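Line order of the protein sequences matches chains A and B. Be aware that the first sequence starts at 1, since it is given in my numbering, and climbs by one per residue. Be aware that the second sequence starts at 1, since it is given in my numbering, and climbs by one per residue.
Some hints here could point you the wrong way.
Below, in silico cross-link-like pairs of lysine-lysine (DSS-like), each with a Cα-Cα straight-line distance of 30 angstroms or less [to be verified]:
1. B:Lys329 x B:Lys306
2. A:Lys117 x A:Lys205
3. B:Lys61 x A:Lys218
4. B:Lys339 x A:Lys145
5. A:Lys218 x A:Lys306
6. B:Lys339 x A:Lys211
7. B:Lys296 x B:Lys339
8. A:Lys145 x B:Lys117
9. B:Lys173 x B:Lys205
10. B:Lys329 x A:Lys61
11. B:Lys150 x B:Lys117
12. A:Lys329 x A:Lys211
13. A:Lys339 x A:Lys90
14. A:Lys329 x A:Lys208
15. A:Lys61 x B:Lys306
16. B:Lys61 x A:Lys208
17. B:Lys218 x B:Lys208
18. B:Lys211 x B:Lys150
19. A:Lys145 x A:Lys296
20. A:Lys218 x A:Lys208
21. A:Lys117 x A:Lys150
22. B:Lys150 x B:Lys306
23. B:Lys61 x B:Lys145
24. A:Lys218 x A:Lys150
25. B:Lys306 x A:Lys205
26. A:Lys329 x A:Lys218
27. A:Lys61 x A:Lys296
28. A:Lys339 x A:Lys150
29. A:Lys308 x A:Lys61
30. B:Lys145 x A:Lys150
31. A:Lys61 x B:Lys150
32. A:Lys61 x B:Lys205
33. B:Lys339 x B:Lys306
34. B:Lys90 x B:Lys339
35. B:Lys208 x A:Lys61
36. A:Lys150 x B:Lys61
Hints in this document: simulated from the structure, not taken from any laboratory. As the structure is a computational prediction, the values presented were derived from the model and not from experiment.
There are 2 protein chains.
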Amino acid sequence: MNSSAINRQILLASRPQGEPTVDNFRLVETPVPALAEGQVLVRNHYLSLDPYMRGRMNDGKSYAAPQPLDAVMIGGTAGEVVESRNANFKAGDRVVGMGGWQEYQLVDASQRGVLQKVDTTHIPLSAYLGAVGMPGVTAWYGLVKIIQAKAGQTVVVSAASGAVGSAVGQLAKARGARAVGIAGGADKCRYVVEELGFDACIDYKEHKDLKSLSAALKQACPDGIDGHFENVGGMILDAVLMRANAFSRVALCGMISGYNGEPIPLQFPQLLLSNRMSIEGFIVSEHMEIWPEALKELGTLVATGKLKYRETVAQGIAAAPEAFLGLLKGRNFGKQLVKLV
Amino acid sequence: MNSSAINRQILLASRPQGEPTVDNFRLVETPVPALAEGQVLVRNHYLSLDPYMRGRMNDGKSYAAPQPLDAVMIGGTAGEVVESRNANFKAGDRVVGMGGWQEYQLVDASQRGVLQKVDTTHIPLSAYLGAVGMPGVTAWYGLVKIIQAKAGQTVVVSAASGAVGSAVGQLAKARGARAVGIAGGADKCRYVVEELGFDACIDYKEHKDLKSLSAALKQACPDGIDGHFENVGGMILDAVLMRANAFSRVALCGMISGYNGEPIPLQFPQLLLSNRMSIEGFIVSEHMEIWPEALKELGTLVATGKLKYRETVAQGIAAAPEAFLGLLKGRNFGKQLVKLV
């Protein structure tokens with residue numbers, strides 16, 4: 001590897017009006033510049049695709065600055081150091097970072113936290129973008145800190161076969177709670193119950209209206225719902241509230257059903273009052289203090305085979321936009337990655 | 001006083017379909033029975049009318065059992081012991097309890113907490129139904145325990161001139177926060193600012209749509225909203241969310257705008273996520289552990305003239321139904337009472 005290498009990158013070319021398309025992205029090739037002192041060149045092996053990226057494509061007010069136009073799309077990456085002018089890193093080190101949608105990243109590794117060395121002896125490199133990475137810690141924070149799941153309680157999670165949802169349910173089971181998933185399609189629901197060990201899973205595609213979905217939740221949660229981890233919003237959140245117990249808690253992690261601007265009103269907010277519920281939105285990157293504890297539990301569970309996960313892997317950087325659009329439509333099955341090497 | 005006295009009572013005669021009317025109530029006269037050992041006969045001087053009573057008139061699932069038909073309407077009362085066969089009470093004691101909509105109550109005062117002696121040396125008897133009673137403690141719990149108001153923050157409260165809302169704003173000011181009220185009409189708003197010392201008050205009757213109300217909130221809350229105490233719901237809650245700051249907190253105490261079955265959807269629940277907000281419904285009677293601390297602060301503030309309040313007083317038990325219907329429409333100004341003596 002040297003500075004004559006070509007780096008293929010995906011830029012945000014335009015902001016989507018409603019549903020994004022591949023035309024919102026542009027593939028470019030740029031030479032990899034020479035390393036300055038303190039810098040590390042990483043070859044990205046895996047690119048993580050995550051729903052939050054949809055929000056960054058918009059220009060509106062949100063918790064994070066918008067993704068700039070004509071710049072490399074942001075995103076988590078896992079890869080290998082190929083060249084280093086930093087004493088803390090050497091060629092061959094496995095690392096995770098926020099390398100973005102590109103094959104190589106050149107980083108000033110003297111900035112604390114920008115690049116993390118990881119041990120792939122017992123944990124696959126890609127898992128550091130999923131169960132032992134941001135999605136896993138997201139699941140842990142919502143379940144442990146907001147829902148505060150306890151043995152004997154019932155916890156529901158939407159997008160249950162996804163990177164976050166699958167960890168939520170398994171962490172709930174590890175705490176002695178009943179775990180009920182909501183996912184799209186019979187295959188995903190079978191996987192959630194048979195492979196991941198959830199107690200039940202509801203295929204939302206089988207329930208076109210609120211009454212039907214609420215009835216399915218009643219059947220799957222005979223003792224009501226004590227905690228809910230929300231990744232989807234819309235009708236799912238309405239249905240959960242209709243089955244929620246007194247003092248139940250909702251961790252609001254995502255509302256993918258409204259990411260393209262669809263109206264997703266909460267129909268009966270008065271249930272928050274009559275059930276004395278709490279609902280809390282969160283972004284896991286604002287709670288760095290819990291990452292070590294969460295990663296320790298998640299890493300141990302993955303290394304010992306007790307926390308299972310599934311990956312959908314697109315091949316090559318050029319496939320990233322299509323794979324991302326598929327993720328927004330739920331076409332992935334488990335953690336969506338792009339394999340670059 | 002003796003057992004030949006006549007007790008006039010208001011019963012729930014029928015459940016309202018939508019908006020209640022006076023026909024849902026019935027006035028009856030019953031003789032006061034003779035006292036058994038341990039009992040106390042109280043002549044109620046004041047009856048408290050509160051929005052929560054509307055919910056009890058319904059038969060549906062809620063946090064409390066429905067008010068039974070053909071039974072005395074529940075409600076807080078303040079009065080005087082007129083006869084006692086209980087060693088802990090004597091004629092002349094001033095007491096508060098849950099005597100209901102009636103002139104006399106006969107209570108087994110050996111049940112702990114059913115009747116509380118109060119000191120009217122520095123605090124008027126009626127205040128124990130308002131600022132130094134359930135409404136005051138409700139304000140205190142939501143502001144101190146849920147909103148966790150701090151100096152320099154901005155706190156908004158709806159129904160700001162009411163028994164709860166007026167205490168919320170004054171307690172927020174006492175903590176160094178900016179207090180912004182929402183109330184119905186210029187008179188109430190003037191009172192909230194000029195008499196109660198709020199920093200600003202918005203007349204919701206001047207703002208017929210969400211855009212207008214949100215713009216008024218922006219003007220009244222130039223640094224955004226850090227805490228909101230909700231008594232009304234509907235468009236007010238939507239408008240507050242549009243001006244809410246990151247990590248802001250909503251104490252959900254009441255949603256009077258939907259008490260007659262009106263739809264009150266929350267239009268943009270995604271703001272809870274993008275602002276990493278929390279919203280929590282509560283019922284103050286489920287948090288008895290905080291009453292002593294809250295009542296101590298509230299009592300001191302009222303006795304020293306630092307916590308102001310206003311009362312609307314209807315005369316005589318027969319006036320209770322009309323007064324209650326007026327309360328639901330915001331016709332009262334401050335705490336709604338019925339004076340019986």
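Against the structure, the hints:
no., hint, verdict
1, B:Lys329 x B:Lys306, "holds, 29 angstroms"
2, A:Lys117 x A:Lys205, "violated, 41 angstroms"
3, B:Lys61 x A:Lys218, "holds, 15 angstroms"
4, B:Lys339 x A:Lys145, "violated, 48 angstroms"
5, A:Lys218 x A:Lys306, "holds, 29 angstroms"
6, B:Lys339 x A:Lys211, "violated, 47 angstroms"
7, B:Lys296 x B:Lys339, "holds, 26 angstroms"
8, A:Lys145 x B:Lys117, "violated, 42 angstroms"
9, B:Lys173 x B:Lys205, "holds, 25 angstroms"
10, B:Lys329 x A:Lys61, "violated, 37 angstroms"
11, B:Lys150 x B:Lys117, "violated, 34 angstroms"
12, A:Lys329 x A:Lys211, "holds, 23 angstroms"
13, A:Lys339 x A:Lys90, "holds, 22 angstroms"
14, A:Lys329 x A:Lys208, "holds, 16 angstroms"
15, A:Lys61 x B:Lys306, "violated, 40 angstroms"
16, B:Lys61 x A:Lys208, "holds, 25 angstroms"
17, B:Lys218 x B:Lys208, "holds, 16 angstroms"
18, B:Lys211 x B:Lys150, "holds, 28 angstroms"
19, A:Lys145 x A:Lys296, "holds, 16 angstroms"
20, A:Lys218 x A:Lys208, "holds, 16 angstroms"
21, A:Lys117 x A:Lys150, "violated, 34 angstroms"
22, B:Lys150 x B:Lys306, "holds, 19 angstroms"
23, B:Lys61 x B:Lys145, "holds, 26 angstroms"
24, A:Lys218 x A:Lys150, "holds, 20 angstroms"
25, B:Lys306 x A:Lys205, "violated, 58 angstroms"
26, A:Lys329 x A:Lys218, "holds, 26 angstroms"
27, A:Lys61 x A:Lys296, "violated, 34 angstroms"
28, A:Lys339 x A:Lys150, "violated, 38 angstroms"
29, A:Lys308 x A:Lys61, "violated, 36 angstroms"
30, B:Lys145 x A:Lys150, "holds, 23 angstroms"
31, A:Lys61 x B:Lys150, "holds, 25 angstroms"
32, A:Lys61 x B:Lys205, "holds, 29 angstroms"
33, B:Lys339 x B:Lys306, "holds, 25 angstroms"
34, B:Lys90 x B:Lys339, "holds, 22 angstroms"
35, B:Lys208 x A:Lys61, "holds, 25 angstroms"
36, A:Lys150 x B:Lys61, "holds, 25 angstroms"
Checked against the numbered hints above, the structure violates hints 2, 4, 6, 8, 10, 11, 15, 21, 25, 27, 28 and 29; every other hint is satisfied.
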